[in-house]
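4 protein chains.
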Amino acid sequence: MAIRTVVWGENIHERTNAVVAQVYPRGMHTTIADALNTDAAISASTATLEQEEHGLPQSRLDETDVLLWWGHARRTRRGLPTRSSSGSPRRVWQGMGLIVLHSGHHSKIFKRLMGTPANLHWREAGERERLWVVNPGHPIAKGLPRYFELENEEMYGEPFSVPEPLETVFVSWFQGGEIFRSGLTYRRGAGNIFYFRPGHETYPTYHDKTVGVVLRNAVHWAFNAERHEELMKAPNTPVDKAIEKIVERGAKLAKHPG
Amino acid sequence: MAIRTVVWGENIHERTNAVVAQVYPRGMHTTIADALNTDAAISASTATLEQEEHGLPQSRLDETDVLLWWGHARRTRRGLPTRSSSGSPRRVWQGMGLIVLHSGHHSKIFKRLMGTPANLHWREAGERERLWVVNPGHPIAKGLPRYFELENEEMYGEPFSVPEPLETVFVSWFQGGEIFRSGLTYRRGAGNIFYFRPGHETYPTYHDKTVGVVLRNAVHWAFNAERHEELMKAPNTPVDKAIEKIVERGAKLAKHPG
Amino acid sequence: MAIRTVVWGENIHERTNAVVAQVYPRGMHTTIADALNTDAAISASTATLEQEEHGLPQSRLDETDVLLWWGHARRTRRGLPTRSSSGSPRRVWQGMGLIVLHSGHHSKIFKRLMGTPANLHWREAGERERLWVVNPGHPIAKGLPRYFELENEEMYGEPFSVPEPLETVFVSWFQGGEIFRSGLTYRRGAGNIFYFRPGHETYPTYHDKTVGVVLRNAVHWAFNAERHEELMKAPNTPVDKAIEKIVERGAKLAKHPG
Amino acid sequence: MAIRTVVWGENIHERTNAVVAQVYPRGMHTTIADALNTDAAISASTATLEQEEHGLPQSRLDETDVLLWWGHARRTRRGLPTRSSSGSPRRVWQGMGLIVLHSGHHSKIFKRLMGTPANLHWREAGERERLWVVNPGHPIAKGLPRYFELENEEMYGEPFSVPEPLETVFVSWFQGGEIFRSGLTYRRGAGNIFYFRPGHETYPTYHDKTVGVVLRNAVHWAFNAERHEELMKAPNTPVDKAIEKIVERGAKLAKHPG
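Protein chains in written order, with our numbering: chain V, 1 to 258; chain R, 259 to 516; chain L, 517 to 774; chain X, 775 to 1032.
Think of the hints as simulated: they come from the structure by calculation, not from any bench. The structure displayed is predicted, hence computed values, not measured ones. Do not rely on the hints blindly, as some may be mistaken.
20 Å max Cα-Cα, derived SDA-like pairs, lysine to any residue [stated by the list, open to error]: (1) V:K108 <-> V:F148; (2) V:K111 <-> R:M490; (3) R:K366 <-> V:Q58.
So these bits of chain L aren't anywhere near chain X, every CB distance computed over 12 Å [what the hints assert, rightly or not]: (4) A518; (5) I519; (6) T532; (7) T580; (8) E640; (9) E643; (10) G659; (11) V729.
Simulated restraints on C-beta separations [said to hold, decoys possible]: (12) X:N1010 <-> R:H478: 46 to 56 Å; (13) X:H981 <-> R:E321: 33 to 43 Å; (14) L:E745 <-> X:N1010: 35 to 45 Å; (15) X:E925 <-> L:E745: 54 to 64 Å; (16) R:V505 <-> V:H207: 40 to 50 Å; (17) X:R1023 <-> L:P541: 20 to 30 Å; (18) X:E925 <-> R:D292: 50 to 60 Å; (19) R:D320 <-> X:E923: 30 to 40 Å; (20) R:D320 <-> V:S59: 28 to 38 Å; (21) X:V793 <-> R:V505: 54 to 64 Å; (22) X:P919 <-> R:H478: 21 to 31 Å; (23) V:E229 <-> L:E569: 43 to 53 Å; (24) X:E923 <-> V:P145: 24 to 34 Å.
Virtual Cβ for every residue (Gly too), placed ideally from N, Cα, C.
Work out the full structure, taking the sequences as your base and the hints as a guide.
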């Protein structure tokens, strides 16, 4: 069965900004989903902010293997309550893969999973970005050249306040003098997380073929066929069910609060 | 100057449970602070839940280099709003060290910094715990034997749903058949975090001399003399202030939302 | 195409020790290969020490995707020169997966790739080992229960002097009181490496069904379809071929030694 | 007591190349040692290739807490047998800190400790290098600005075939379009290792004040007051000395080969 993938897009600037509408007439989410669907092993659909429950009701998340997330506007960041299904990390902890794109670094879901502010420096000047593969054996780098370029991109500069990743896959060079760790992997609970830096909405980044390779590799890497609901609980193992026989000793709180 | 250290204790069971009161007549927090203060390079004071602002107003956190956290009761976990200074990760991100003890794994501050549920299995049977040093060169293991034992402890069993740590320092063997990664290091922003498993309130764990060595080592390891407030912001670097001279190109959102 | 897998076995004790011969009449390597070949996506063959070039001439390594390594006797460790193809890490660096089993921790190839002595404590008493899954979302833990037991195993105890792994997948509990990090992942160059602790030759460990699941998962995880020969070189990028145009400046060694 | 530090320099180009001799008339090793000795807590001396036993007899290594290593010429790389004390990783495993500088990435000691070829791309054009602090809370980044520049440096480009580090501290931007992970931390056995990229011999890098801050921070970070000789052995724990009482069971090899 193909990997059930949902591309979530804010879909605001595509409708309110003429430049963005021209680059992504059908929305960034659709362009990304199209790039994923060129791989028969991936079945990608889309969801957007304006849909009911932001297009991500619990029932849909339950049927999602990998979620890609693109959001930028302030109201998106502030608007999605962490108690809503779309803003909750629970499905990630249970094993849903999450690929956070570009300005999604400031989404609630990403900051919640990182445990850090995920801040950075930025500049919108359409400068050149060159992504270097620093981990050529990583599954997400499969089939890539030593580096690839995006002629126009927004700059993100370090320090990027995220935890030390499991592995760093890409590091970006920017024309204006900055560098940025632009491909980082994490696991939270049973869920694999990949942060991928490029993707400013006024540039045709998601039409780029190499970017498509990265995204398809990332979906395969993030996919976890299992669902680990048991990680949501902190069960007691009673003394009489201990694996090795033991006798209860010492003092005990009358009612253990767990 | 000595490392300004605060030991936060819930201080509930010490006052409501006769067993705990007998083991820690002055409160667990005081016993821990006393163990730290045997090191002249550490200056440890205490704070407790019942104090105003839980003993941790912003003004005090501002003067704290390393915070140790012990909490267990349900109301402690639920009671501390993340918006309160005591439940906020901001000081950790800025560089305050945090040492989370035992049942503190379920505190809001720890779960918030880990980005995971931090669940585990548990059993209160007073069984033997043996902590093995798996990383003998780590600063927190300085001066320790190959292993040390606590004759009576609560059992915590894997899986412990926390991120892969920077380094694993201790792994515990339990009489009833479980193991647990009981000493784990992390950095979030500029703040060093150490999780140390032992410390159930009905046993004399914090009177143990080897535990004292671990805690003092951990305070030294977690200490960061600098304060990184700049990590709280995501500043723009304007085109005309780029380090390397660049010319703005390409399309741009009229009002950049950051 | 199936993953081309070679199981290398020392095949000494199986022929010289009556106990081992009874447990593994066709050799441990054959038992392991049989367990792998129950998965149609894996094509496993065997190689042994007594064969020419230890069964691993360069031509065969060139056609191998994943190598499993079991060795124990002193002469195996000392006998394989690192300059021989079988003892060389080059194929691993280029992307061949390597699964090191049990006493293979002291093999030249493993120590060479770790950069550490890979020492540990040990005891041969046929005691119970219980392997806990500490990383349930890891691909190598797919389909496993929370823990599994081997009723008779050799004990390995910490400290295990290996580098901090990418991820810890299993931790073992031993009846005699020790623990051991018994499933560890690494990448060296483009090659994925998994160390798996169990497998003393006098016990039927490789007949165990759960062990078979682990080994098959590990082969899938370690497989890298690409071959990265370029990592074997340190090429010069001449000034006139710099990506961004630069002018040579400053002093220069006449003949650059690289 | 001050940290006993030895700066090992190849000291070849300083004597054979007029340019290098002018930049470092007393040798790079002396310049580096001088920079370290501005810190009263560090006591740095020097050693060079032409000295007996390369200036690093076992007796001296035994009294060394932290070793800095600068080497470039082919004969240095090839000349130091790993069996010589100066080329051996044993003191590092036991706890001696090691700071590998610039072209030392190709030294036997570094490659031996990494378990990888440590290859990279390079260009000697005196271009601008800008080192970004990506981990501002790390002890090695203490007191540093967000970035610092070296107006003329040799370029090193990715992929740098070393293992994923414990932490990445610096990433370099190069004028010619490359990036490089230029500050990486590791631990091997009980020894802390820091790789620091800059330092081509024709440029005044080790006269730079910020580089001096980095090197002093690195010495403090790498220092381990303990000596772990026990990690050099793999001892047997006999059944009758097991911590938890066990009875020997199952089959056993007559003469255990360890």
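Okay, the hints, checked on the actual structure:
1. V:K108 <-> V:F148: violated, 30 Å
2. V:K111 <-> R:M490: holds, 13 Å
3. R:K366 <-> V:Q58: violated, 24 Å
4. A518: Non-interface label on A518 (chain L) holds, nearest chain X Cβ at 29 Å vs cutoff 12 Å.
5. I519: Holds, since 23 Å exceeds 12 Å.
6. T532: violated, 10 Å
7. T580: Answer for T580 (chain L): holds, closest chain X Cβ roughly 19 Å.
8. E640: About 5 Å separates E640 (chain L) from the closest Cβ of chain X, which leaves it inside 12 Å; violated.
9. E643: violated, 5 Å
10. G659: holds, 27 Å
11. V729: holds, 23 Å
12. X:N1010 <-> R:H478: 46 to 56 Å: Given range 46 to 56 Å: violated, Cβ gap about 35 Å.
13. X:H981 <-> R:E321: 33 to 43 Å: Roughly 39 Å apart at Cβ, these two residues keep to the hinted range, so it holds.
14. L:E745 <-> X:N1010: 35 to 45 Å: Holds, since E745 (chain L) and N1010 (chain X) (Cβ atoms, about 43 Å apart) stay within the stated range.
15. X:E925 <-> L:E745: 54 to 64 Å: violated, 36 Å
16. R:V505 <-> V:H207: 40 to 50 Å: violated, 24 Å
17. X:R1023 <-> L:P541: 20 to 30 Å: 22 Å Cβ-Cβ, so the 20 to 30 Å window holds.
18. X:E925 <-> R:D292: 50 to 60 Å: Since E925 (chain X) and D292 (chain R) have Cβ atoms about 54 Å apart, the given range 50 to 60 Å holds.
19. R:D320 <-> X:E923: 30 to 40 Å: Because 34 Å falls inside the window, the suggested range holds.
20. R:D320 <-> V:S59: 28 to 38 Å: violated, 46 Å
21. X:V793 <-> R:V505: 54 to 64 Å: This hint is violated: roughly 36 Å between Cβ atoms.
22. X:P919 <-> R:H478: 21 to 31 Å: holds, 26 Å
23. V:E229 <-> L:E569: 43 to 53 Å: holds, 50 Å
24. X:E923 <-> V:P145: 24 to 34 Å: With Cβ atoms ~29 Å apart, the hint holds.
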